[in-house]
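Chemist: Line by line, the protein sequences are chains Z and B. Just so we're aligned, residue 1 is where the first sequence starts under this note's numbering, counting upward by one. Just so we're aligned, residue 1 is where the second sequence starts under this note's numbering, counting upward by one.
Hints were generated in silico from the structure; no laboratory data involved. You can trust all of the hints, since none of them are fake.
Listed below are several chain Z residues computed to face chain B (Cβ distance under 8 Å; list not exhaustive):
hint : residue
1    : V22
2    : A26
3    : P29
4    : G54
5    : S57
6    : L59
7    : L70
8    : L78
9    : S80
10   : L81
11   : C84
12   : V85
Yeah, the Cβ is synthetic: ideal placement off N, Cα and C, and Gly gets one too.
If you want the building blocks of each chain, they are given just below.
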Amino acid sequence: MQVSNKNKDHRSILVLAVVCGVLQLALAPNIGLGNGRANLALVFSACVALTVGGKKSVLAGFFAGLFFDLSTTGPIGLMSLLLCVSSYLMGLQGRNRITGDLGLTMGAFTIHSLGVSLAYHVAMLLVGEAGGLFDVVVLRTLPTALLTVVAFIPFAIWLTRAQPSGPNLGGGRGRSSHGSHFNMRGL
Amino acid sequence: MSLSGGGRGASAPSLRNKNQNTGGGLLAVLVIVSVVLFTVSVRGGETGVLGTVRSGFQTITSPVRYVGAAVASPFQGLANIFTNLTADQATLSELQAENNDLQTRNAELEEAEQTATRLQGLLDLKDTYNLQSTAAHVISGSTDSWTSTVTIDKGTSSGIAIGMPVTATSGVIGQVIGCSATTSTVRLVSDESSSISAMIQTSRAQGMLTGSATGQLTLTLISTSQTVEVGDIVVTSGLGGVFPKGLPLGKVTSVENNPGSLYLDIVVEPFAAYGSYEEVLVITSLTEGQQASSDDIAAADAQDTSSTTAASTSDVSSSTGSSSSTTDGTTTTTTE
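With the rest of the complex left out, here is chain Z:
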């Protein structure tokens, strides 16, 4: 019989949200590479999407994006839109794959990080906030994606260690051979 502890899920997501929120406000503005800054909102939404998926990941993406939008000077709603879509896609493809394989986790996240960063900055270019395509791609998109991927590394390591093994979201007894769903005990 499988018992789901929803309160523990919510508490875990909340703790992750607070950690990423504080890092987004306190750390991201002070660590720059060129004009790029790490996007901890994307990190948070990816963590939820790659481990939980479903509606919760879409909601997490939306609110994380909204948090990002409110903390910057860009248009409100843009990052929330992008993180909604990104979380949905990551949730679809990663929910049953992120099982202790750090390489897969990082690969999936890097693709989404590049996509979100490029889409965000192209949108900024379209609304007149960015100077040109070179500025958008070289000076903003790539550094932002790189820093975001770097910021995701400790979370990815932590997530993959929190999932003991197996091709599925494993955990519990006999998980190495049979698999079971994911357990974020570290949270």
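Given the structure of chain Z, go ahead and fit chain B onto it with the hints provided.
Modeler: Here is chain B on its own, set in the frame of chain Z:
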């Protein structure tokens, strides 16, 4: 729900996956909401409702930002390195040139500030002691190895005359011993032939401050019956009418009372060490209040008399000779 505790058996995850809602409907709703927010935000700008919301959000979260900035400030230089890596060569060259200019300018301003501070000190000294004086620059040191002198850029054309005392902000530095039309030579207090009437500021014990070949200052003619402590301030006594009374000379660094000696061996560290001054004041005349009063002269005579009496009583001088000092402040004679 995948964040929850683990289940047993192989079938559980697959059942859950089939039942898992992927959130497509919710995505559609939130996408619409986001687009609406984006449109309102772009149209309304910072003055709209969303701008107000953002303002409130940033106010609430500002403490976290301050904490982050405080924590990150020690590492800001490291971040700047990465930022500088992306700057083009022209920008770096321009910044380098600007930095060089600013460093030169900064050095000039620091020099000007120090000069202003020293000149202000001279003005303060002039006001404090009500000195009739002329300011001058030290333009060179001693030209020979036998005397301790400096040359200043004022001479007879500026009213300077031989014998005038010279002081810096920190204390007396010497006396004019030679004048030309535009320059003057000042014998420093550390010179071997220098001798100035001085007294201990606290006990008012009076003596002569003399220089030496080694540059050490010695306060002589203070009898062993006087109280002198290490750290006592030595000032001019005004006896002789050359130096104004009360100008700082130095600080007592050691006091020795040798058995059988009439006088204490007192070593004084000058306040105005050579090299510590660039601007000086030449005191051109003394007012009546700056000279030693008749009481001061009487006190000096009394001190001298008591020393002589003590010497006679202890019969110390019978075999070694006698010591005498005048109150003109310029000469001391010891006869074997």
